[in-house]
Each structure stands twice: as C-alpha cells, then as structure tokens.
Amino acid sequence: MSAPLLSVRGLSKDFPIRGGILNRVQGSVRAVTDVSFDVAAGETLAVVGESGCGKTTTGRCILRLVEPTAGEITFDGVDLRTLRGAELRRMRQHIQLVFQDPYASLNPRMTIGDTVKEGLIIHRLADGAAADKRVQSLLDEVGLRPEWTKRYPHEFSGGQRQRVGIARALAVEPKFIVLDEPVSALDVSVQAQVINLLQDLQRDRGLTYLFIAHDLGVVEHLATRVAVMYLGRIVELTTAETLFASPIMPYTQALLSAIPLPDPLAPRDRIVLEGDPPSPANPPSGCVFHPRCFHPGKDVACTQAVPPLEEKAPGHWAACIKQPAGTTDFFLPAAALRSRRAAVSPAT
Amino acid sequence: MTSIALASGDWRVIAQRLRTDRRSLLAGAVLAAMIALVLLGPLLSPYRPYEQLDITHLVHAPPSAEHLLGTDSYSRDVLSRVLSGGRVSLAVATSAVLIEVLVGVLWGLASGLAGRGIDTLMMRIVDAGLSVPRVLLLLALLAAMPSVPVWLLVLVLGLTGWFGTARLVRGEVRTIRGADYVLAARALGATPARLALRHLLPHALGPVLVASTLAVGQVIVLEAGLSWLGIGVQPPQPSWGNIIGDGYEFIASAPWVSLGPGFCLVLVVLAVSALGDGLRDALAPRQLPRT
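The listed protein sequences derive, respectively, from chains A and B. My numbering puts the first residue of the first sequence at 199, with every later residue one more than the last. My numbering puts the first residue of the second sequence at 23, with every later residue one more than the last.
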C-alpha cells in the first residue's frame, strides 16, 4: 500500500469537567484515547460504535474543529496539528464535513445558493456569474433543481437539506470528506438515495471518505474497511468483508447480531450485552469492555492490562488479549452470525 | 410538516407580519408623520423658532389662528419651537441609539467569540455599567462638564446605554457559535470576521432591532428629562425637554407652552414603543404551515 492519504497516530481528546463555585476543572472525560488508523486514497473507512464512543470527536479532531489533546494527524504529507491561522484555513479546502442533522447544519438565514457558494468565495475558486454557475451545477450533481438557489432551508425536506450539505462540502473540491452519520436522521427510503449519491460522488470524483455510523447495515454496503470503537478506543479494525464474516471482538459480534433482519420471523440468536456502557469520565481498568464481555476466557488479566490493538491475522487488528495472534480460530457464538447471514442471503 | 418561519430569517415573512399588524401600522404611520413634520419644520413653521415676536404684547398668548400652540414667556411661537425642537430631540435620540448599537454589537460579538477569561472580564465591565442607574451616571458626567454641546450629549447618552445591547448580542453569539452550520462555515475555512458577520451577527440582529427601537423611546425621554433639568440641550436651542421646562413655571397660567411639546413627546414615545412591540411579535418564532 502506498502512503495513506490520512494517517492518525495516538489521537486522544480529553474534555475537562468543570464544576463547583469557582468553576474549576474537576476532572476530565476521555472522549478519544490513543486512536490510530490510516485511510488510503479512494477508500471508505467506516467508524462504528454506540453513542458516546468518541467517533464524532475523532472526526472533528481530524478537521481541527476540536483541538486534540495528543496525537499526530498527517494528511497528504502535512502534519495538520502544526497548522495555524491562514495555513489551517487553506488546508480546510481539502477536508470537508457532512453533518448528521440536516436541520441544524444549514444557516436558516441564508439561501441554499449562498450556503453552497460560501466555500467558493472563501477559497476564491469562483466569483460573480461563474460562481452562480458552479452552484447550479453542484446542486444538479447532488440531485437538486439548479433553479432552487434562492430558496431557504426551511423550504426543503430532510433528505434535500442533506443534499445541500453535501453540495456545500463538494464546492471546494475536497479530497477527503468526513461523513458524520450522514443518513442517521433520514427516513430509510431516503437513506438509500443519499447513500447511492455518496457512492456515485466517490466514484466520479475519486473521493476518500471517513464514514461515521452506528448502523452496521449501512456500513456493510459502503465501507472498504471498518473500525469499531468502544469507549474512545478502536477495538477492531479490518476490511468490511472480514469484519462481517469473522469478527474477533465479542463487542463486534454483539453489534453484528443487533442488525435488524428484513424477515421478522427468521430465527436469530441475539447477543444481548449486559449493563450499560461505562462512563468515559471513569472508565473501567484494563480492557474497557471487560465488565460486559462474554468471552469464555475472560479472567482477571482482562481487568489489569489495557489490550493493545494487534494484527491478529493479516489486515485484521483487534484489541483482545484472549485472542492469540496468527490464528483465525475464534471462540465465537457464531450461530448468531450464521443465522443472520442465512436470513439476509439464503444462497450462502 | 411545519417549520419555524423566523428561523427562516426570511425578511419578507417578517415584513408581511408587520403589514398585517394594525398596531404596528398605526404606530409606523404616526411616527412617519412626526418625522416628516419635524424634517419639514423649517418650511412649515410660521415663525423663526428663536424670534421674540413682541415682548410687550405677545407674552403667553393662548393658542389662536396665528399661533396654533400659543407663545411662551419670551413671546416666541411655541409651534415653531416644537417643530425645531423635535428635530433636535429625534436626532439626539437616534444618534445616541446608533452609538449604543454600534458599541454594544461590537462588544457583544467580541465577548461572545472570546475565550473564557476575556469573556468574563468583558461581561463584568458590562455588569458594572448596568449596576449604576443610567440617570445618575448621566447627571454625574454632565454636571462635571463645563459646557455640553449637542454632540457631546449624544456621545454621553450613547456611551451610557450600550451595556444591555452588548449582553444581548453576547448571549445570542454564545447560543449559536457551536451550531452545526457555524462549524460547517469554520470547516470551510471562514475567517473569524466572516463567521461573525455572515453567521453570528444576522442571528442577533432581530433582538437588537427590537431592543434599539425601544431604546429610542427611552433616550427621547432621558434627553427630555436632562434638558428639562437644564443640563441637556442648552437654550436658546429648543428641544422638547427644555420647552417643557420653560413652560413649567407658568403651567397654571399658560399650560400650552408645556402641553404642546409634551403631547408630541408622548405620541412619539408611544409610537416607538408600539412599533418595537410589533417588531418583537413579528420576529417571534411561530409555527407556520410549510409552504
């Protein structure tokens, strides 16, 4: 593999907790802990995990919308964390963001034409009539009518607004787009349209995506590789195909077993995790997943050492000390997964 | 599907609401008429406002066909003085409010965008300004000055009135500076100035407009009070406040001297307040059927 487009090493982000009469810092929430991954040009890396696991913070750190506490972020050979002021603003042209909430992400006081045009003007890519023309072709590209430039966001549906958000990101011709749950707020039928649009754009423009999601069903369709996050850490990272076929981590297995099946009568073995995700302000010792883990080999060692993210099989990283490297022999209550796959595609 | 029309920031919607609100329409009409009257004052006024017409025979003449609002103790025509004084009163009030808005908006934007330390410092200064009654502050400042030209009065009025605006703007900026669309603009590479002017300020503009409309009414009253006390607009230059002050001594024998400008003052302040309230209602979010 050639040099990755984006390389993240040891990324951490602590948010201070303030309180008391003097509003002093009383502690911190580790939203992201020691996260490392690469994204190759043209691929889609999905980051999945439940609410509060740090996936959105990871995305915002890459965009420098949130200042990381530690770690390196290298994009196209440039260390993003060293950029300041105007340098940083210039770099922003290359990395864009699409938000989850199509209602909050558009300025209600600006026409959608002005919203899409803003990036063109900031980076002096076009002005005057040329800019208007660019805006119209961008709207057309994302499936909106070019003559809608004078309309305000409240005149559009959620799916249409999300398309405006995508057009805004595309306007500056980025190489890399962080998609922060871009379809989670949309109806299922609209989700599919937006996913298809994102795939078409990636193909036509050679885009690279970091796709943040909590829905593995969407990820399976779109992702090249998948990183599973739990409580601020990446616990498993591999190709989408491998992850869905032979997940190593018990947590990943539980996530996979939770994907809804199209056939409500299909037999299934749900892995239901016990308890709630622990507080990131006070994470468990050792493996952060150990209080909820159902691995038969779980023992006191799991509560002591933080498991490193290791390459257990070629291209398949996982953070579990009970999984010896070099084997593909899992403990797996694989019935859960088999029943799922059988229900989705009876032929296999 | 419904949407909040204010959130659309669509000024056409707001103008439409104002046009259909009878109170705002009436207030706007009254205000427009008064402004037109005082602006055209020099053409309309029957006499010169400073001219003592006949100091022996025309002192305290009651209203008549020649002198619609009567004459004062120097035999000057009250109507001419009210028209001329109105120009001064309205000009002083609007200029002072413009200063208030300018300083308040800049201060509020800066405070809202600043980090914790600077924001706290700036807001404590605002608290200090708000904690002193404005009238006391004005009396102290103006009494300390040997003379008070009109421009200085405007400046002092403006610089004692911006604290509320600053707090208002700072609050609005704080509530939306973390909004997704503001993050999106930052992610696009917008400069802080662009963020402030294109994304943050427009959000605060509605409340500022309402507050400053109401402030015009307050400042007219303040200026009148100061002029009545003799430390505002200085005679012989008329303002509604000092004309009322001139007539005060003779309120029993020649009430028309104070009543004319007093009536204009009340009318304008009521109209301004009603218009401010109307604006507030027009800008209030409400659910509308989706168009």
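Treat the hints loosely; a few may be bogus.
[What the hints assert, rightly or not] With the Cβ distance kept under 8 Å, some of the chain A side facing chain B (calculated, not the full set):
id, residue
1, Arg-288
2, Asp-299
3, Trp-346
[To be verified] Restraint-style ranges between C-beta atoms, simulated for each label pair:
id, chain 1, residue 1, chain 2, residue 2, range
4, A, Gly-218, B, Ala-58, 22 to 32 Å
5, B, Arg-196, A, Ala-511, 49 to 59 Å
6, A, Gly-217, B, Gly-137, 18 to 28 Å
7, A, Arg-322, B, Leu-177, 38 to 48 Å
[Stated by the list, open to error] Computed footprint of chain A on chain B; a stretch qualifies when at least three of its residues, placed anywhere within it, have a C-beta under 8 Å from a C-beta of chain A:
id, segment
8, 205-212
9, 219-228
Keep in mind that the hints were calculated from the coordinates and are not lab data. No residue lacks a Cβ here, since even glycine has one placed at the ideal position from N, Cα and C.
Do the hints match the structure? See the list:
no.: 1; hint: Arg-288; in the structure: holds (7 Å)
no.: 2; hint: Asp-299; in the structure: holds (6 Å)
no.: 3; hint: Trp-346; in the structure: violated (14 Å)
no.: 4; hint: Gly-218/A with Ala-58/B: 22 to 32 Å; in the structure: violated (59 Å)
no.: 5; hint: Arg-196/B with Ala-511/A: 49 to 59 Å; in the structure: holds (50 Å)
no.: 6; hint: Gly-217/A with Gly-137/B: 18 to 28 Å; in the structure: holds (19 Å)
no.: 7; hint: Arg-322/A with Leu-177/B: 38 to 48 Å; in the structure: holds (41 Å)
no.: 8; hint: 205-212; in the structure: holds (count 8)
no.: 9; hint: 219-228; in the structure: holds (count 4)
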